[in-house]
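Input sequences plus hints: build the corresponding full structure.
Protein sequence lines, in the order shown, are assigned to chains A and B. Mapping to the numbering used here: the first sequence position 207 is 207, numbers consecutive. Counting the second sequence from 1 gives a position; the numbering used here is that position plus 1000.
Derived from the structure by calculation, the hints contain no laboratory data. Do not rely on the hints blindly, as some may be mistaken.
As the list claims (entries may be wrong) - Restricting the straight-line Cα-Cα distance to at most 20 Å, the calculated cross-link-like pairs of lysine to aspartate or glutamate (EDC-like) are: (1) B:1079 - A:408; (2) B:1076 - A:408; (3) A:168 - A:139.
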Amino acid sequence: MTPGMILAMAWRNLWRQRRRTLLTLASIAFGGFMAVLMTAMQDRSFADFIDTAAKLGAGHVTLQHPEYQDRPTLTNTVTGTDVLRSAAEGDERVVRVVDRASGQTMVTTASDSFGAFFVAYDPALETAETFEYTDGLIEGELFTGADSDGIILGRILARNLGAELGDKVVYTMTDRTGEIVTSMERVRGIVSSGAPSVDAALVLLPIGTLRSVVGYDRAETTQVAVFLDDGRKSQAAAERLRGQVPSEVAVLTWDEIQPEIRAFVAMKIGGGRVFEIIIGVLVAAGIFNTMFMSVMERTREFGIMMAIGYTPRQLFALVMAESSLLAAMGLTASIAITAWPYYALSSKGLDMSEVYAQAGQVEISGVGFDSTLHIGIFPENAIAIGVAIVVATIAAGIWPAFKAGRVDPVASINLV
Amino acid sequence: MATPIVQLQNVTKVFTSGDVETQALRGLDLTVEPGEFVAIWGPSGSGKTTALNLIGALDTPTSGSVKLEGEPLEDKSRKALSQLRRDRIGFVFQAYNLIPVLTAYENAESVMALQGVPLAERKAKVMALLKAVGLEGMEDRRPNQLSGGQQQRVAIARAIASGPAVVLADEPTANVDSATAETLLGIMRTLNEEQGVTFIFSTHDPRVMKYARRLVGVVDGKVASDERKESGA
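Written out as structure tokens, the structure is:
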């Protein structure tokens, strides 16, 4: 009995109950569709979320003073940032390395004062790929160089301060020695991050100007932000960097810098996994039911086959071939029904602005969500779903296949 | 003297269902020589089908010995029994029992395929057998496209194709009309006479008994009569 003959028999057996086979295929395909879409939504949103968190914060990997994490003051700095950047840029996963400085400040206008946090950056080095706020300019203009004039305010902060473009704003902070310093700039632009809590407290400054104000040298800052081609590689990239930078420089990943985001992502991933497992179990139960019914209906037939010389192993192989074919067809059907929706949602996305508008503030730890829903599955997760479909389908056939091989010819043929 | 094809010695078989025991065979003795055309007959419940199951290595006796071509069956593994049924025993069942997804040709070929007979040899033999049983031109039909008599012809071809030592036919004419029954019995007699295939029938059909050259009467699980005829119909 050749494998080809077993496959041919298996194929024909599947189509003896055409409707049942089609329904089973539909359930596998739908299960695959749901799993891919759910996972793709999750993967893309987390990838975007992590990238956004990195852009708002200090990169996927951050080089900073060891005490800065617990005490983020302007006195805890790293120096020789040009050397640190060179060390980071030697990794092929790294797409950009920039100096950032951030801290607390008090901003004052003629009408009001508010506490705020500032981010100082080098406009010549930062792009929309690394700096979230450059995309959110709603009035005025961005800085053109590290020593540009002006100050950029978050949308809500500007409103609270009563500040408009060109208005004077005084900002106060501590310098590298802990002394209070003050500077005055005119409002150059107003930005919106999409996260109201951020927009209510955000101040942007050019890093050269900041260095002058707080007394840093040209290669000194609070953080060096390292951006990667994939945020999931941050652990490996950080590991490599730890061996290359001086011990007085701490190397932290984005989730170590922002543990609340890590917790959120972990919670969502866990929830997603549970959902995927539920889908998987339901699909597998459907397949098991199909295969088991198929075997039970053919008990007499299997008895005959045993009587004329088929071995239990051959009957086991026959039923396993049926479930394997079902798996292959289910996977194909899954891909067929998922391809177009996946393409549409990954390339064009789905406008969720009305939903978000109704939900009000949509942000996690200051990281806002894009109002257009895009999806994008990580390759390893796509493979895992495909493998899970095939494995679940084949696994669901094991017990029925075993039962087929254990049929008692006498009882099943009912000769007695 | 040639080794008997089948030897049953003092065979008993007890079926147990819950607390109820049914003694189907009570010390059955039967020897069948190569080339015989034997009908085991008797009333319902007499034990004839049970005897056929034991000869066909489908079941095991409660006591006594069953030998096929001199080989005792009781010590063989499941796998060895499968191979024995595949290589040395042909079955023709009352309800035809063809594999529904296979064509007439494939059904007849299936046991040879299990035996690993080369394709060309299989094809030549199966085509000749289908012609011999009158199914030329119907090779590609599935069982549901054949009449009962035609299906039973395929079953006979399947039983013969593997070159068995013995063909066991359980009530092979029970589900067909008289004319078809005569035709089927004629085919089997021809195969018996021309190819020397041994046939053992379980039946209470007088038409089968008419064709048989030996009639073994079984009553209450024992051989009650054993009559040899000069020639069947």
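### Task
Quick one: which hint numbers does this structure break? Sort them smallest to largest.
Violated: none.
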